[in-house]
Amino acid sequence: MAARTKGLILAALAAFVAIGAGPAPAPQAPAAQPAPQPARRIVSLVPALTEMLFAIGAGPQVVGVSSYDEFPAEVNKLPKVGALLDPDTERILALRPDFVVVYGSQSGQQTQFARAGIRTFVYRHGGINTVLETIRDIGAATGHQAEAARVVHDIQATLDAIRARVKGRPRPRVLLVFERQPKTLREIYVSGGRGFLHEMLETAGGQNVFADVERESVQPSTETLISRAPDIVLEVRAAGLLEEREVAQEQSVWTALSSLPAVRNKRVHFLGGDYLVVPGPRLAQATEAFARAIHRDFK
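Numbering (our numbering), first residue to last: 17 to 315.
Derived DSBU-like pairs (lysine-lysine); straight-line CA-CA distance at most 30 angstroms:
hint, residue 1, residue 2
1, Lys282, Lys199
2, Lys315, Lys183
3, Lys282, Lys315
4, Lys183, Lys282
Okay, the calculated beta carbon distance ranges per label pair:
hint, residue 1, residue 2, range
5, Asn281, Ala162, 44 to 52 angstroms
6, Glu90, Thr146, 21 to 29 angstroms
7, Arg57, Pro186, 50 to 58 angstroms
8, Asp228, Pro95, 42 to 50 angstroms
9, Asp228, His141, 14 to 22 angstroms
10, Glu262, Pro95, 29 to 37 angstroms
11, Ser268, Glu149, 39 to 47 angstroms
12, Gln265, Ser233, 19 to 27 angstroms
13, Ser268, Arg131, 49 to 57 angstroms
Quick caveat, the hints were computed from the structure, so don't treat them as lab data.
Everything numeric in this text was worked out from a predicted model, so none of it was measured.
Glycine included, each C-beta is placed from N, C-alpha and C at the ideal position.
Build out the structure end to end from the sequences listed, making use of the hints.
Quick look at the structure:
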């Protein structure tokens, strides 16, 4: 007890000496940090966010894009600076950006840009709400809050309209395929029960046959596909990956699984277009395409 009392006295004495004999000053609130200026020179390594930037009117502020950016057409006039696996940091820095959009996995680039005094916007995949929140955040970072709010409103309104139009309809069991080896049923990747593709499918009035798998993607075996028995197989391909004349040939590949209800009833559908697999402002348009494939009389 004596030692504890002595410690308290010494602590009080030290405080007294530090502040002088007068009363202790009132604690000061931390100084408010000024809000960062809107980004003026932007490099985007994420195609989905490049689309968002142009959709909200920040396109003129973009000075460089990823090697995979193709939409909107204006991006083809901009310097290409690599992508997820091969970003050209020197070229990016040469563009003198004050804001760089990166993937969450690009921690090394985040560190490099922070050392150079460049702000980064870190993107990670998520569901529809993540897309809408990202549009709002990008709007705030670039000085286009009002435009971003309008884009979000329009997407939400379209999705709500789709939900209303499919309400009460039967919900067929859908296998959503986004990748496989051409001309075979090998290395199939399908939507699991998480992520924007799954949520788009459910919004469009389908029931994801892998909704119970809490992952964005699943690589099922042939046996698993047969056991899941989808009513519809919906394959989505980015533009340019499948020629029109090849569609019938690729559809015929599924006849190897003739026991699937989707194959027996000729409900294997192919949809082409990069907008189908990009979680950006065209998400509602893609959801409408899903709904038309799932419901024959959807208008």
